[in-house]
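For the record, the sequence lines run as chains Y and R. Going by this note's numbering, the first residue of the first sequence is number 1, and it counts up by one from there. Going by this note's numbering, the first residue of the second sequence is number 1001, and it counts up by one from there.
Keep in mind that a hint or two might mislead.
Residues from chain R that face chain Y, not an exhaustive set, calculated with beta carbons under 7 Å [as the list claims (entries may be wrong)]:
#1 1051
#2 1066
#3 1069
#4 1072
#5 1080
#6 1084
#7 1097
#8 1098
#9 1103
#10 1104
#11 1107
Selected chain Y positions facing chain R (Cβ under 8 Å, derived; list incomplete) [claimed, not checked]:
#12 169
#13 174
#14 176
#15 177
#16 179
#17 180
#18 181
#19 182
#20 184
#21 185
#22 187
#23 193
#24 194
#25 318
#26 420
#27 422
Hints were generated in silico from the structure; no laboratory data involved. Computed from a predicted model, the values in this text were never measured in an experiment. Glycine residues also receive a C-beta, built at the ideal position from the N, C-alpha and C atoms.
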Amino acid sequence: MKSRSSRGVLALWLLPLLFLTLFFFAPLLSVFRLAGQAAAEAAPQANLLERVTRPLGFTFYQAALSTLVTLAVGLPAAYIFGRYTFPGKSLLRVLTTLPFILPTVVVAAAFNALIGPRGWINLGLMNLFDLSAPPLQMLNSLPAILIAHVFYNTTIVIRVVGSAWSQLDPRMEQASRVLGATPLRTLREVTLPLLRPAILAAGLLVFMFDFTSFGVILLLGGPQFATLEVEIYIQAMHMLNLPLAGLLSAVQLLCTLVLTIAYSRASLHLNVPLAPRLQGEGMRRMRTWREKLLVGVTLTVLASLLILPLAALGARSVVRLEANRGERGVVETGLTFDYYRELFVNRRGSLFYVPPIAAARNSLVYAGATVLFSLTLGFLASSALARRARINRVLDPLLMLPLGTSAVTLGLGFIVVFNRPPFDPGSFPLLIPLAHSLVALPFVVRTLLPALRSIPVSLRQAAGVLGASPWRVWWEVDLPIITRAALVSAVFAFTISLGEFGATSFLARPEYPTLPVAIYRFIGQPGALNYGQAIAMSTLLMLVCGLGILLIERVRLPGIREEW
Amino acid sequence: MALSVREIHKMYEGKPLLRGVSFDVAEGETVCLLGPSGSGKSTLLRIITGLEAAESGQVFWDGADLADVPVHQRHFGLMFQDYALFPHRRVAENVAFGLRMQNLPKHEINQRVNEALERVNMGGFANRRVTDLSGGEQQRVALARALAPRPRMLMLDEPLGALDRALREQLGQFLRELLHETQIPAIYVTHDQEEAFAIADRLVLLNEGKVEQDGAPDQVYNHPVSVWAARFLGLTNVLPGKVVSRQPMRVRTALGDFSPSEADSTEPVGSEVSLLFRPKGVQLATESGEGNTLTGVVDDTTFRGESYRVSLRCADHSVFQFYLPDPPPMHARVTLALDPENVLVLK
């Protein structure tokens, strides 16, 4: 009986393992081989060490700085989410999930539309003071990178620290106050030490995301801000120095591995048994004007950080603010749908010989394929994980590995392994959705598994006793219960694929661009029309992702929480 | 008067929780706030410490209103239910916390931490983690932490509530001695009347957000002012009746006439009252019907050590319980003669 069931688990694992071996371990191995090559060829590349340490140093520097700023913004917000009830709280909570799912190119484009040379603030100031050049040089600067990173990762601090804060027994703080500590001293001596595991875990997670950030830095930072990720991309795609790219990837992998281990050790201490006796015992309404001021200011900062860039993006896509290329003199400003209309036009001088809307079609096809692949593999893997088998203990973390691997490294590995027909990126277009599935798979499994585990064994046994075959049991019992979870993970996989930029930038052929790739190429081009089209495409992508979030929030089962 | 609480009103989730509570604590006095759960005892403590604000009412210390004194400057000690020890600090660090807040020199802090731990017999535990302690040990550390800063008053919120029975009695005794010895004024919150009787110099009985009765434990027990107070204190022999004469007092009930000895009742003739029969001082009588007697069937007898507790089912199906030295046989029909001293009139 035991051998039969463990054989069943193995059968379930077969396809996911094959997939991981072919499309994760093989590319990774090839990246390491490249790194070895680079080290062996060190003689001709005399300054090799410096070419690794410089981007490495900058990567650490910007990640540390971003993490500090994110904590500075996120901790007050976490306090307010963890300790206060206020009108609009659930709406704001949904809003804070937006960055989770918005593609990096969309966020970069959104900040471009707000603070870039052709964004609202600069064009507004130029108009107001009759300036000939944008006064605010935010683009291609470190602050631009920092702001985008804060936009992305504040949510993590709010989620992790905020939930720890709401679970912190309020009597700890009260005991300190009664013993004579001022509110500030209580914060320093009691609250913060008790929250330290949560703050540490959130900080490490934020640091890891900032460390592996690619799209934001490429689009907002420009070439002079080369992090490891950007340098890998430049060396592989522009300098064609694959060994150096491989070496950088290996260094990157090592760093993320160390960070992942540190994070999982930190999150072990997350659940200190301090829960209050009642749910929401520590929650309170704002009473004094000081509390109201604190909550008001923090929420205003948070809301403007989250909403302003996205609103700027949407508005910029339907407003003409500057001259088209070739036009001179007075510009008519006003509402326009030209940027959207132009998406369907194949202009001479456009970067591709296809209309930009083709990129949207490509993206949709790839996203559909990603849903198919990742859900099939995810179902198999999570069904195996839901059963009792010793092998799961080894395979479970293996499945999560792609989560800690940068997409750029994956892209690099893909072009090294799959480099000749019929399996090169030029002739095998499925490589893109396969890479996307690799990124999506951990999310899919972590969404499906809790749903599967929530089904009591007795339900399946009852169906079995009533005469249902194992297949029939799955069809009649499991499937209806996990449909919602499946829908949520499908939306995740779909939006992940739509927005994926790191790996796609390696794999997309020029004549088959995806939306993010097209946005990246258009946004840097001169001319109001190119910029406008990039903004319009970003807006479309933002809307689709926003719809995805709404869908997820609607169908998510109340009792079951995703594990990641 | 050390502490005066005046007319405290407090709403909880839209409903009145405290409806004008007033009481005092004198120097060196231990006052027990006794009431069923949900009667607002803990909230009252939190209002006195300043952790919560009342809708109206005042708290005075030595005649000075505490309204504008923040929590950390009130110098009260509070021992929380479940103790609320800081899990990130060791035993000695927990006890030292309040002393550090007073910015005392280090050697004095160390000395007073040791003193406090010795006092609660936890001298050897200074460097232990609080999460490794048993319930009783945690309770004593919490007590040491509350006492170490030498607060001008100590408040204890159900301090024995989380402990098992044997430990409750042991630590209750210990608390009584300690409060007596230190002469620190204290408010002791509990829902357990035996605990309250054992420790209180004075009882404040809370019911539905109001002070039902305030007095010395024996006085409250012997002269409960209301049916609710009597029942809450475990005096369940209550019978409704009507005053038929005042001099001497006679009350007519469904089970006959009764003449309470105490004439301090001011109820006019014809008013509806309740009679309370104390369970002790009863004798088996030979004949019935001559007033201050109850006739019924013995429903149950339980051996209680020094005496037997006898349940008597009377004609109107009400059941009364009395303590008798020798039990009558089960199901026997008996008449009990009550001492007028043990018949009380309640409103």
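Agreement of hint residue 420 (chain Y) with chain R interface, Cβ distance less than 8 Å = violated (59 Å)
Does residue 1098 (chain R) pass the interface check with chain Y, least Cβ-Cβ distance below 7 Å?
-> With Cβ-Cβ at 4 Å, under 7 Å, it holds.
Hint check: is the beta carbon of residue 179 (chain Y) less than 8 Å from a beta carbon of chain R?
-> Holds, about 4 Å.
Holds or violated: is the Cβ of residue 194 (chain Y) closer than 8 Å to a Cβ in chain R?
-> Holds: closest Cβ of chain R sits about 6 Å from residue 194 (chain Y), inside 8 Å.
Would you check whether residue 181 (chain Y) satisfies its interface hint, that is, whether its CB is within less than 8 Å of any CB in chain R?
-> Interface hint status for residue 181 (chain Y): holds (5 Å vs cutoff 8 Å).
Chain R contact restraint for residue 169 (chain Y) - C-beta distance below 8 Å = holds (7 Å)
Hint validity - residue 185 (chain Y) Cβ closer than 8 Å to any chain R Cβ = Residue 185 (chain Y) check passes; min Cβ-Cβ to chain R is 7 Å, inside 8 Å.
Interface hint status, residue 180 (chain Y) versus chain R (Cβ within 8 Å) = Interface hint status for residue 180 (chain Y): holds (4 Å vs cutoff 8 Å).
Holds or violated: is the Cβ of residue 1069 (chain R) closer than 7 Å to a Cβ in chain Y?
-> violated (12 Å)
Using Cβ atoms only, decide whether residue 184 (chain Y) comes closer than 8 Å to chain R, and label the hint accordingly.
-> violated (10 Å)
Hint status (Cβ of residue 318 (chain Y) to nearest Cβ of chain R, threshold 8 Å) | violated (48 Å)
Closest C-beta approach of residue 1097 (chain R) to chain Y relative to 7 Å, hint status | Nearest chain Y Cβ about 5 Å off; hint holds.
Hints 2, 3, 9, 10, 11, 20, 22, 25, 26, 27, counting from the list given before, are not met by this structure.
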